[in-house]
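Letter by letter, the chains look like this.
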Amino acid sequence: MKTRIVAGLWRISKAVNIAVAVPLVAAGALMVAVVVAGTVARYVFNAPLIWSEASARYLMIWIGLVGASVALRHGDHIAIDAVRTRLPRVLRKVGDLAVAAAVAWFLWVMTVEGWAAAMRGGSQMSPALGLSMFWPLAAVPVAGALILVQHVLHTALRLLDGEQTGTHLPGGGAI
Amino acid sequence: MLLLLAAFALLVLLGTPLAFSIGIVGLIALTQPDGPSLLRLVPMRLFSGIDMFSLMAMPFFILAGDIMNRIQITDRLVDLANALVGRVRGALAHVNILVSVFFAGLTGAAVADTAAIGRMMIPAMADQGYRRPFAAAVTAASSVIGPIIPPSIIMVIYGSLMQVSIAGLFAAGIVPGILMSMALMSYIAWRGRKEDLPIATLDRDVPPVRVALKRAILPLMMPLIILGGILGGVFTPTEAAAVAVVYALAVGVLVYRNFSLSDLWDVLYAMVRASGAVFIILAAASILGWVLAKEGVPRDLANFLGGISDSPLVFLLVVTGALLLIGMFMEMTAVLIILGPILHPIAVSMGVDPLHFGILMVVNLNIALITPPLGACLFVASSVGDVRFEDVAKAILPFMLVELAVLLLLVCFPAISLTLPRLLGLG
Numbered sequence: 027m028k029t030r031i032v033a034g035l036w037r038i039s040k041a042v043n044i045a046v047a048v049p050l051v052a053a054g055a056l057m058v059a060v061v062v063a064g065t066v067a068r069y070v071f072n073a074p075l076i077w078s079e080a081s082a083r084y085l086m087i088w089i090g091l092v093g094a095s096v097a098l099r100h101g102d103h104i105a106i107d108a109v110r111t112r113l114p115r116v117l118r119k120v121g122d123l124a125v126a127a128a129v130a131w132f133l134w135v136m137t138v139e140g141w142a143a144a145m146r147g148g149s150q151m152s153p154a155l156g157l158s159m160f161w162p163l164a165a166v167p168v169a170g171a172l173i174l175v176q177h178v179l180h181t182a183l184r185l186l187d188g189e190q191t192g193t194h195l196p197g198g199g200a201i
Numbered sequence: 157m158l159l160l161l162a163a164f165a166l167l168v169l170l171g172t173p174l175a176f177s178i179g180i181v182g183l184i185a186l187t188q189p190d191g192p193s194l195l196r197l198v199p200m201r202l203f204s205g206i207d208m209f210s211l212m213a214m215p216f217f218i219l220a221g222d223i224m225n226r227i228q229i230t231d232r233l234v235d236l237a238n239a240l241v242g243r244v245r246g247a248l249a250h251v252n253i254l255v256s257v258f259f260a261g262l263t264g265a266a267v268a269d270t271a272a273i274g275r276m277m278i279p280a281m282a283d284q285g286y287r288r289p290f291a292a293a294v295t296a297a298s299s300v301i302g303p304i305i306p307p308s309i310i311m312v313i314y315g316s317l318m319q320v321s322i323a324g325l326f327a328a329g330i331v332p333g334i335l336m337s338m339a340l341m342s343y344i345a346w347r348g349r350k351e352d353l354p355i356a357t358l359d360r361d362v363p364p365v366r367v368a369l370k371r372a373i374l375p376l377m378m379p380l381i382i383l384g385g386i387l388g389g390v391f392t393p394t395e396a397a398a399v400a401v402v403y404a405l406a407v408g409v410l411v412y413r414n415f416s417l418s419d420l421w422d423v424l425y426a427m428v429r430a431s432g433a434v435f436i437i438l439a440a441a442s443i444l445g446w447v448l449a450k451e452g453v454p455r456d457l458a459n460f461l462g463g464i465s466d467s468p469l470v471f472l473l474v475v476t477g478a479l480l481l482i483g484m485f486m487e488m489t490a491v492l493i494i495l496g497p498i499l500h501p502i503a504v505s506m507g508v509d510p511l512h513f514g515i516l517m518v519v520n521l522n523i524a525l526i527t528p529p530l531g532a533c534l535f536v537a538s539s540v541g542d543v544r545f546e547d548v549a550k551a552i553l554p555f556m557l558v559e560l561a562v563l564l565l566l567v568c569f570p571a572i573s574l575t576l577p578r579l580l581g582l583g
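So the sequence lines, in the order shown, correspond to chains A and B. When you line the first sequence up against the numbering used here, it's residues 27 to 201, in that order. When you line the second sequence up against the numbering used here, it's residues 157 to 583, in that order.
Careful: at least some of the hints might be erroneous.
[Stated by the list, open to error] Straight-line alpha carbon distances no greater than 25 Å define the calculated DMTMM-like cross-link-like pairs of lysine to aspartate or glutamate that follow: (1) A:Lys40 / A:Asp187; (2) A:Lys28 / A:Asp122; (3) A:Lys40 / B:Asp422; (4) A:Lys28 / A:Asp187; (5) A:Lys40 / B:Asp419; (6) B:Lys550 / A:Asp122; (7) B:Lys370 / B:Asp231; (8) A:Lys40 / A:Asp122; (9) B:Lys550 / B:Asp419.
[Unchecked claim] Simulated coverage check for chain A against chain B, where a stretch passes if three residues somewhere in it have a Cβ under 8 Å from a Cβ of chain B: (10) 81–89; (11) 114–126.
I should point out that these hints are in silico values taken from the structure, not numbers from a laboratory. Just so you know, even glycine gets a beta-carbon here, dropped at the ideal spot from N, CA and C.
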């Protein structure tokens, strides 16, 4: 029974991740293309594109914030495990739950307040794009919600399945 | 303030990811029991904390470096390094360092370099009779050069946050990076004679320099395009990074023909992952930065540091020592993102050149990558080299001393860093 639940949660987490990653990967390719187009327009054709900088920047914000949910699924968020893993089992479980609740609080605030802020900001326009600022600002609540989904799944898996889902390098992988 | 510090320490020790530890502490500070809750400020801080065009150079450089790694340039660069320094005592150790220098111009990160170079060089060195911990230590120590020689992801973050010219930082990193590699090679040369390190090199034909250079010329052109474009004032760093992505793709798809559509998915996916891990720290730190500023922490710290001495040199030595200590236990990007905006203005107000201080912080925090007990490059070197962590940690110590000596030189002689950017009109 337990293994079936674990397998099920794992599949959900994977499905959510693919649904999130496909648009982000496309956005990444688009971001490169937009900046290259802007560069070529400026230096080769001497006709700068007014929309390239702002649109690439907003794509980056979406990728950076929502990408945190992809990073979370892979355990990429830098954490220090040295002390935690040496705690007695009971204390570690209690600590894990407290930490999970605190992280969920942060993500909840990000989602709810982020949505309110996006609605407030929606009346403003981005001058370069002629686009409501709702769309760039919506990255915050969407990211909050999607990270929260992966966080809940990750926490459930960690509690049910022991340690397999939470391996961290104590110093970051990317940089 | 003490409560916040205690909460932060508790969260980190319990294994909370740093980004969330920072964010949660920010939220605690904004939830005041008396007076209105300030939580509605959170989304705008998160947003504006990363709303910078210059930061985009970071995902682009990650992407370009990743593509270069995938189209198997390591072999070509190792052959070139071999042709250049493969005939002296300790040949492979020298090759290892020189390859790191080549890599430094292609990627902006240290940990990725450790993995790419270590996977190939540590077994090769072990085959020729080097002790494995030593081989792993050389790899880790030399990958520190990566983010000092441009392009450098950490400099992109530094320049964006502190509003210092990224082009200036890139220019200021070149001489210190070369100095660092020369210091490491001198140490290898000295140790080679003392311990009779093997002369033998890789188990394959060493091509003549001309042939090796020809095979490696396409990857080596990339740093020239990036640096030439940025330092010559043609491109902004972000534009240069995007051009580097296109260049790396062109080399892989058109010339080497070993870059497939599934590789493209993989590198873009890896970029999303890496961006997701870094941007959330930047965003969360922007909440914390606002809280710290409101509490007057930067001012208090400035008064405290100014009270020790008004000599910039003493200030730099104190900060260097403190950063080395903090870097032993904290991740360097996070240290930079939290402490940079506090320390940088203090340094500038004490008369330290902004570029000089930037280079010192970058070098300092990079040395933290090879500092036990939590140096990321050490972990990677021990895992790809199949060596016990404790053994690498021991073998790295003399290399650490060499790098600390270089850092001390950089602290005392600003001209090492500043001459080149001034000559180029960037300082």
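Hint check:
| no. | hint | in the structure |
| --- | --- | --- |
| 1 | A:Lys40 / A:Asp187 | holds, 16 Å |
| 2 | A:Lys28 / A:Asp122 | holds, 20 Å |
| 3 | A:Lys40 / B:Asp422 | holds, 16 Å |
| 4 | A:Lys28 / A:Asp187 | holds, 9 Å |
| 5 | A:Lys40 / B:Asp419 | holds, 20 Å |
| 6 | B:Lys550 / A:Asp122 | violated, 33 Å |
| 7 | B:Lys370 / B:Asp231 | holds, 13 Å |
| 8 | A:Lys40 / A:Asp122 | holds, 22 Å |
| 9 | B:Lys550 / B:Asp419 | violated, 38 Å |
| 10 | 81–89 | holds (count 5) |
| 11 | 114–126 | holds (count 4) |
Checked against the numbered hints listed earlier, the structure breaks hints 6 and 9; every other hint is satisfied.
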